[in-house]
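**Student:** Using the sequences and the hints given, assemble the complete structure.
Protein chains: 2
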Amino acid sequence: MSGDRLIYMPLGGAGEIGMNAYVYGYGKPGEERLILVDIGVTFPDMDGTPGVDLIMADVSWLVERLDRLEAVFITHAHEDHVGAVGHLYETLGAPKIVARAFTANIARGKLDEYGVGPDAVTVASPWPETTKAGPFSIGFLPISHSIPESSALVIDTPAGRVIHSGDFKLDPTPLVGEAFDPDLWAEVAKPGVRALVCDSTNVFSPQPGRSEASLGEEITKLVAAQPGMMVATTFASNVARVKTLAEAGVRAGRSVCLMGRAMRRMIEASIESGVLTDFPTVVSPEQANEIPRENLMLIVTGSQGERRAASAQLSRGKYLGIELKEGDTFLFSSKTIPGNERGVISIMNAFSEKDVDVVDDNGGLYHVSGHANRPDLVTMHQLVDPQMVVPMHGEHRHLREHAKLADELGRPGIVAVNGTMLDLSGNRPTVAEYVETGRRYLDGSVMIGAMDGIVRDRIRMALNGHVTVTVILDDEDEALGDPWCDIRGLSELGRSNAPLQDVLEEDLSQFLNRANRQTMSDDDKLEDALRRVVRQTSQDEIGKKPEVTVVISRVS
Amino acid sequence: MSGDRLIYMPLGGAGEIGMNAYVYGYGKPGEERLILVDIGVTFPDMDGTPGVDLIMADVSWLVERLDRLEAVFITHAHEDHVGAVGHLYETLGAPKIVARAFTANIARGKLDEYGVGPDAVTVASPWPETTKAGPFSIGFLPISHSIPESSALVIDTPAGRVIHSGDFKLDPTPLVGEAFDPDLWAEVAKPGVRALVCDSTNVFSPQPGRSEASLGEEITKLVAAQPGMMVATTFASNVARVKTLAEAGVRAGRSVCLMGRAMRRMIEASIESGVLTDFPTVVSPEQANEIPRENLMLIVTGSQGERRAASAQLSRGKYLGIELKEGDTFLFSSKTIPGNERGVISIMNAFSEKDVDVVDDNGGLYHVSGHANRPDLVTMHQLVDPQMVVPMHGEHRHLREHAKLADELGRPGIVAVNGTMLDLSGNRPTVAEYVETGRRYLDGSVMIGAMDGIVRDRIRMALNGHVTVTVILDDEDEALGDPWCDIRGLSELGRSNAPLQDVLEEDLSQFLNRANRQTMSDDDKLEDALRRVVRQTSQDEIGKKPEVTVVISRVS
Chain A
1095 MSGDRLIYMP
1105 LGGAGEIGMN
1115 AYVYGYGKPG
1125 EERLILVDIG
1135 VTFPDMDGTP
1145 GVDLIMADVS
1155 WLVERLDRLE
1165 AVFITHAHED
1175 HVGAVGHLYE
1185 TLGAPKIVAR
1195 AFTANIARGK
1205 LDEYGVGPDA
1215 VTVASPWPET
1225 TKAGPFSIGF
1235 LPISHSIPES
1245 SALVIDTPAG
1255 RVIHSGDFKL
1265 DPTPLVGEAF
1275 DPDLWAEVAK
1285 PGVRALVCDS
1295 TNVFSPQPGR
1305 SEASLGEEIT
1315 KLVAAQPGMM
1325 VATTFASNVA
1335 RVKTLAEAGV
1345 RAGRSVCLMG
1355 RAMRRMIEAS
1365 IESGVLTDFP
1375 TVVSPEQANE
1385 IPRENLMLIV
1395 TGSQGERRAA
1405 SAQLSRGKYL
1415 GIELKEGDTF
1425 LFSSKTIPGN
1435 ERGVISIMNA
1445 FSEKDVDVVD
1455 DNGGLYHVSG
1465 HANRPDLVTM
1475 HQLVDPQMVV
1485 PMHGEHRHLR
1495 EHAKLADELG
1505 RPGIVAVNGT
1515 MLDLSGNRPT
1525 VAEYVETGRR
1535 YLDGSVMIGA
1545 MDGIVRDRIR
1555 MALNGHVTVT
1565 VILDDEDEAL
1575 GDPWCDIRGL
1585 SELGRSNAPL
1595 QDVLEEDLSQ
1605 FLNRANRQTM
1615 SDDDKLEDAL
1625 RRVVRQTSQD
1635 EIGKKPEVTV
1645 VISRVS
Chain B
1095 MSGDRLIYMP
1105 LGGAGEIGMN
1115 AYVYGYGKPG
1125 EERLILVDIG
1135 VTFPDMDGTP
1145 GVDLIMADVS
1155 WLVERLDRLE
1165 AVFITHAHED
1175 HVGAVGHLYE
1185 TLGAPKIVAR
1195 AFTANIARGK
1205 LDEYGVGPDA
1215 VTVASPWPET
1225 TKAGPFSIGF
1235 LPISHSIPES
1245 SALVIDTPAG
1255 RVIHSGDFKL
1265 DPTPLVGEAF
1275 DPDLWAEVAK
1285 PGVRALVCDS
1295 TNVFSPQPGR
1305 SEASLGEEIT
1315 KLVAAQPGMM
1325 VATTFASNVA
1335 RVKTLAEAGV
1345 RAGRSVCLMG
1355 RAMRRMIEAS
1365 IESGVLTDFP
1375 TVVSPEQANE
1385 IPRENLMLIV
1395 TGSQGERRAA
1405 SAQLSRGKYL
1415 GIELKEGDTF
1425 LFSSKTIPGN
1435 ERGVISIMNA
1445 FSEKDVDVVD
1455 DNGGLYHVSG
1465 HANRPDLVTM
1475 HQLVDPQMVV
1485 PMHGEHRHLR
1495 EHAKLADELG
1505 RPGIVAVNGT
1515 MLDLSGNRPT
1525 VAEYVETGRR
1535 YLDGSVMIGA
1545 MDGIVRDRIR
1555 MALNGHVTVT
1565 VILDDEDEAL
1575 GDPWCDIRGL
1585 SELGRSNAPL
1595 QDVLEEDLSQ
1605 FLNRANRQTM
1615 SDDDKLEDAL
1625 RRVVRQTSQD
1635 EIGKKPEVTV
1645 VISRVS
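If you read the protein sequences in the order shown, they are chains A and B. Under the working numbering, the first residue of the first sequence is numbered 1095, with each subsequent residue one higher. Under the working numbering, the first residue of the second sequence is numbered 1095, with each subsequent residue one higher.
One thing to keep in mind: the hints can contain errors.
Copies of the same chain look alike in the list, so a pair counts if it works inside one copy or between any two.
Stated by the list, open to error - Pairs of lysine-lysine, DSS-like flavour, derived with a Cα cap of 30 angstroms: (1) Lys1498 / Lys1429; (2) Lys1190 / Lys1226; (3) Lys1498 / Lys1419; (4) Lys1204 / Lys1226.
FYI, nobody ran anything at the bench for these hints, they're computed from the structure. Fair warning: this is a prediction, and the values are worked out from it, not measured in the lab.
**Tutor:** Right under this line is the structure:
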């Protein structure tokens, strides 16, 4: 085996929170057999990705090496880990996909949208069962998180054992799914662990994490105390939270109604896959309409302020026959992810206008995080006691802080952002290579590249507006009639107090009248010149330089 | 005087945080003499106002009544209170503007940009001096805030005394500007106060506010402990904070350098207007280049992540000759305003990549708010003991909560959002009228309306992309050559694996070949039909329906 190496390379998820995709390889340099851990998405925003539907890792590096890809393992069913499985399945050469039952259920739903049957996903049982994949043997080691059946991966290789933590917290009472079992983890760690590749999300949170079970009492008290309809939102995938909320409703004598497609889908998947066995009976929105509001508890999607989810719909007015009003209470049993504040606040104000009382997580009273805080990371490092620590699942600042923490605890850590190929074969992680990586966008029904200028053009039109210039020339290169402008996204009136369109057309006409034959006969030159006229005149008139499309037609 | 009434109406600032503009009036209904308190701006974002430069209140209601406007009073120099004074000065008929010295200095700077001389602003001394304005007598009552010389207004009217709080906190040691003086306030309140119109920003903050002076010790410790260059950002207008930071630098033996135009402008204005007398000597960026990094303290603009401010520039690389590196420390002595998280986090990560340590407010250790928290509001209500409370300066949820608080304390409160005209003449506030209000945008060099579709068109282009279609027809309504498409912000390849442009042009050609004479001869009909073809084909090919500009040229 001499000359073989063990490599690790994030294609997504390291240097950002989202679109997780981690490659492991073992073999001779350049000939390693590969596995991919997770294949997630991240979400677009108006600032940088207007009009985009979903963002995922650019997997070109893998696509060029599909003959070496053994399988894809999915740690859990959050969108940033499983969300791209349908979109990239064909691109990745229809690979074997391995996941535990609940995750497999969700993955199959996504593959089904692309006409891929359920057999594409192999359901794995938890550790000590393992799956062979080339030189790798992979086991799903249960760990608590904010979704059922989240798992770390025990990746055994000829170079030793790697533990890929997945997303996790150390929760002895997660309510749904397996509790964190330190004895089991100690046993797995006992033979020695070469590398711990570890979630970094909450490295800046100084207090130990709290258990999901710590919320039940306060949520129950809150729900019982409300005089009107009770509505609560949380991540649909946080099945334990949904259960806690539902049980609080039942205890308060309320009928429970789930609203939002994702909410119903997640509960179905939990029941189908056996992770959820004792969820209260629910009523449909139609039935809910017939129930007195003080006897009703809605659990709804849209905790991040998403415009089309149930929370936002309810904040705007009647939704599925239900309308909130004075005396009702809306609970955000969730934390707002940075960047989503505007949407969430807008919902809060819309409810305020309806005289609906809004309750947020109240400093943690009604929400706990699904990620390990700094002291929990220390516990994990000590429990697994790896030879080296590779921080993942975090922005650069999280990875850097986590690597420093590992160093402080006496184990070498390293910051490896997307595209950094690490060699884990030695005594400490070393950079083997930097690979070009990036993002791909699902845009409508097609995939586009982040760097190919399409979205950049949209942003420019949003910032600068757009002018279309049409000029018709005859076979003598003389203008046939006047040039025509069509403006979009720009003030109609400018400094001259005349319509901007008229001023532009006048200036373009004058330009055409004095343009020399050389310019008039050369489409590229003429286009450049006309664009300059439009931008200069617009700048003078309205103080903006628009994007310009010039159409030159030559008729004979 | 029977039949006269006292009215209050926010045109901006109530139902939002930003662009404050409050109208007071006294007289016969419909003939009230008016004053305007504050004339601020709010800032655009990509989500709702791409390409816009500044947002301000639509003052049309006032413009239609300029003969009744006595004067404009400005409480303090924050942009959301004074920012529109230059942009709207002419629109408001060049009114008399009254402010205290520091605020006047800033306002004059803004008016100067519009060629308006300093005499436009009358400098007022603090209470007990008052300014007459029609039936009103107005005094500037000092109150602490996060900017020097912030003032409440004591508005005496024939119907009694109104106190307009302005933005405030109860700070006995604000370091720069006057301390909150409860005895003075009690004296002003003693004759009886009809209405307290009151800042609501922090009504959801349960703990009493902390003094600006509480930060000095911790900031000094932090600055002294850093091995490399120390850089701190805060709001430039928070002159007390800038001073605290500068003094911490000096105590640590560091030369202090201010970076960013706003930072220098604010310190200059403070010194010119006499509110700041003992600011440490500063060095220029050029001089700073010659000073060993461990002896340097930069105080810079851009605490909210603004792309062009000094913080962001430094995070991207060398700025004014200075480049941060490993061992340097960057302090956010500030809170991130909701909506600005992405920009701030992006700066944090950029510094992390440079191995620069970033310190945030650390749970309040390095930052205090400038607004009164809930217990401080209670203190204020009790101290002023008004007949009624009108919450202002807040989103709907803040106004509602503040009105509830007033009611709980035994004084009638009311939620009055922008455009709600209140009659304050009776025993409790009542709604006299609802007036249409809105926003105007400074867009490049022109003002545009929020509702006139210009920005909506930009957003649509950003979401959907844009296609220009050009068709040339002869005098028989027959197409001269083929139609031409120009696409912008859309995938070049679609489902057919042919260029989208080609597919569109082919479909448009086919349409033109089979279109009937009636369609071909009617520009509107033809335009509609061609737009439909483009949208349908694009939907089929790439799953998006673009914005379409159709240019039909008829030549003979």
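**Student:** First find the shortest C-alpha distance between Lys1204 and Lys1226 inside one copy, then the shortest across copies, and answer within, between, both or neither for a cut-off of 30 angstroms.
**Tutor:** Within one copy, since 25 angstroms is at most 30 angstroms while 71 angstroms is not.
**Student:** Tell me, please, which holds for Lys1498 and Lys1429 at an alpha-carbon limit of 30 angstroms: within, between, both or neither?
**Tutor:** Classified as both: same-chain Cα gap 27 angstroms, cross-chain 26 angstroms, threshold 30 angstroms.
**Student:** How would you label the pair Lys1190, Lys1226 (within, between, both, or neither) given a Cα cut-off of 30 angstroms?
**Tutor:** within (11 angstroms within a copy, 82 angstroms between copies)
**Student:** My question is about Lys1498 and Lys1419: at a cut-off of 30 angstroms on alpha-carbon distance, are they close within one copy, between copies, both, or neither?
**Tutor:** For Lys1498 and Lys1419, only the inter-copy Cα distance (17 angstroms) is at most 30 angstroms; the intra-copy one is 51 angstroms.
Hint compliance for this structure: no hint is broken.
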